[in-house]
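Spelled out from the first residue to the last, the chains are:
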Amino acid sequence: MSPAHDVILKLEDVSKVYAGTVAVKQANFEVRKGAVNVLVGENGAGKSTLMKIIAGVEQPTAGRILLEGEAVSFSSSGDAVARGIGMVFQELNLFGNMTVAENIFATREITNRLGKIDRKAQERRAGEFLDRLEAGIRPDMLVEDLRIGQQQLVEIAKAVSLDAKILIMDEPTSALSAAEVEILFKVIADLKARGVAIVYISHRLEELIRIGDYITVLRDGRITGQEEMKNVDTQWIVRQMIGSDAKDFAKADGHQPGEEIFRAEEICLPRVTGGLAVDHVSLSLRAGEILGIYGLMGAGRSELFDCIMGRHGHASGRIFIAGKLVKERDTTRRIRRGLALIPEDRQREGLVSILSVASNLTLASLSRFVRLFHIRGAAERQAVVRMVRELAIKVADPAQEVSSLSGGNQQKVVIGKALLTGPKVLLMDEPSRGIDVGAKADVFRTMRKLSRDGLGILFATSDLDEVMALSDRIAVMSNGRLTGMFDRAEATEAAIVAASALGHGPGHLAPVHLAPVHGEQR
Amino acid sequence: MNGLATFSLWAQKNRWVWSAIGVLVLWLVLSVVTNRFSLNSLSGIMLSASFLTVVGIGQMFVVTTGRGNIDLSVASVITLSAFVALLTIKGQDANLAIGVGAAILLGLAVGALNSLLVVGLNIPAIIATLATGYVLATATLLSNRAISGFAVSPLLKTLATGRVSGVPVMAVIAIVGVAATAFVLRYTVFGQLLSAVGQNRAAARLAAIRNNRVIASAFIISSVLASLNGLLLGAYIGGAFLEMGQPYLLQSIAAVVLGGTLIFGGSASAVGTLFASILLILIVTTMQIVGLPPGAQDIVQGIVVIFVLALAGRQVLSRRAAVDRAGDDGTLKPEQNAVAIRPE
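Order-wise, the sequence lines are chains A and B. Residue numbers for the first sequence follow the working numbering, beginning at 1138 and rising by one. Residue numbers for the second sequence follow the working numbering, beginning at 2 and rising by one.
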């Protein structure tokens, strides 16, 4: 490795063992000053654990941490912050009822001698950081009134305001629009210039290649590759991550979609604050077809799915399954009619984490295994075994708790649960969110296979590559409206991005701005 | 934006205003309907409300820590404290310091016990504090036997029942306490931490807040305030009797939620608790004027709490939905139709 940048933090043979499982095995990791140190790996590879060790949230079981050549040990995140290590956590950690400034200064409030908080000073200082983010966020706004993307920027501003020497960012772009990503990258460049060491975790490979200086790949808790970014390409990263060159996306198999299986007409969902979160959306889907719905965060994709599933009582519009009007308005009976949803938030809406893999799989379809009052164990077990095999869920014993599985395998359990209800139409909301490259490919293959078996699939995503590669047709949503519908053959990235930016604020998402992000395709 | 919309937006952030409006409306109605209702009776209501406010403020601290934290031991603390005060002060001003010390000590001890159970042993607060309350009730029974006679120290009596140019001393104490609490909540680090812990405990932990300390101090504040209230209440009624704290259990919770403090935690309003206490006492008074039996009064109070919580729950839901919404309406530029953009 080139000595262009000095090492500021060094992990030596660091291991972390949780009750029986080894999350990190003898990792040697170097963080360099004034550079973006990228960390990639599959979910469950140990990235987050490694970062939590650096940020003081977790303590290593073995090994040493050297900060500027001096051995340190942090017993809490406060210790790490005191030594100049800040972290932007993957989950949003903001207090909704507080203003942006109060959030940024939480636990380090600016007070006068009497202990009275100086709000003016806090808002002024917060304003300085926010101005750099150019996101139109005022320091006196309540956090709960901000869009998710803006909240993420606040989280970033909070970390930047720490004046950290080392800043860890765990998937900072997962909720950002393309324009906001550009802003973040500018901030990162600025921090780099000031000598801050940045540790950057992301699943978006193009992003990593674009902004990274050094890359470290983790697999199963081990570091499998460490290189300068200029020497590597996507193929190399994927190889290090999953041990072989994997095709990102399952290829289309050329099967022809059948009859129309699902149609939505004039779906509307009012917002509490006035206006429509889903605005007169109509679309149809054929059996065996994959219809991708592309849109930025907050475009109304998830809300559309929720409407279709009957999760909002005050939604209007009609849906048809196989040409027949669905009169049922509640989720339970819509599932019986052949709709199934793979929710975006796996942990909260997709799984019961304390139940076993088997129980989770059959949770939505238990009535099929019931005779009189009891569940027929044999039939249930059989169904579980079939699903585990068909979806290639990596689990030693289906009786294992579902939370012990990796993200990709958990997602397969959610899919399996939906499939066991015998759906005709599968709605998948960000099916690849937060899962690694290998598991993604697996999930995509599964989607292909299901569509070949005649299932109609609607999937929502904010990943352009994904929607381009997987869909038979592409629908684009923006601000609750359907702003575009493309056949695979005629779809171009530029057109899709343009459609996804319709109806947003002026200059906020100019397509010109977006071009570089997705322009450098392989 | 018209005036009503502006007000409703403002009221959403200043929820105490509803209880203040309630007080105003009910007082006006009572003044018009009954001609014997006067400023003088208002000062009587203030006096009763002051005792409730003191307990309510304590309860508010606990509720604000979130996760369903609640202090059900306040009623027993009040009763026991009144007995302890009687036993230690024995009607002598000379013993007052010992009595106050004993009451504070009792509050500290119960608060520490509650904190140990809730924070240390992770027992849900609703069960832990209920159990503590039962244990204290037994202690009260024992001290009831030890009571020889009722006598109240004159100074304490002045504090609890006296008036300065018509204004009850107790009301002044309550209002000063509320002002101090409001300052603490709004302008001190402790207030911020309390709010942070109540809103998002995981985030608070990652922000290096010592959650446990914050939660424990809330329980201790609640018990100490309840204990001081018992001391003053005993002086007010000139003695102590079993179950004397009982009405304060539901009423303190009612005062908290009615005052606009979020039952889910994270957002408290001291002023709201004060107004809500006055409103609750007004409601009780109204029912007495109407001639409803005490049982019916409890029913009405229970209904008020349920009603307010149902309303608050709806508000939280609608607020969540509003947050989940897509963009900012202000910058939204509606298209006339859903135009399909075709590639060139």
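Quick caveat, the hints were computed from the structure, so don't treat them as lab data. Just so it is clear, the structure is predicted and the values come from calculations on it, not from any experiment. Some hints here could point you the wrong way.
[To be verified] Ranges of calculated distance between the beta carbons of each label pair, as one might list FRET restraints:
1) B:139 x A:1541: 23 to 33 angstroms
2) B:297 x A:1505: 51 to 61 angstroms
3) B:6 x A:1281: 17 to 27 angstroms
4) A:1405 x B:10: 21 to 31 angstroms
5) B:301 x A:1212: 44 to 54 angstroms
Note that the Cβ used here is the ideal one computed from N, Cα and C, for glycine as well.
Structure-based check of all given hints:
no.	hint	result
1	B:139 x A:1541: 23 to 33 angstroms	violated (46 angstroms)
2	B:297 x A:1505: 51 to 61 angstroms	holds (52 angstroms)
3	B:6 x A:1281: 17 to 27 angstroms	holds (19 angstroms)
4	A:1405 x B:10: 21 to 31 angstroms	holds (25 angstroms)
5	B:301 x A:1212: 44 to 54 angstroms	holds (53 angstroms)
Comparing the model with each earlier hint shows a violation of hint 1 alone; every other hint is respected.
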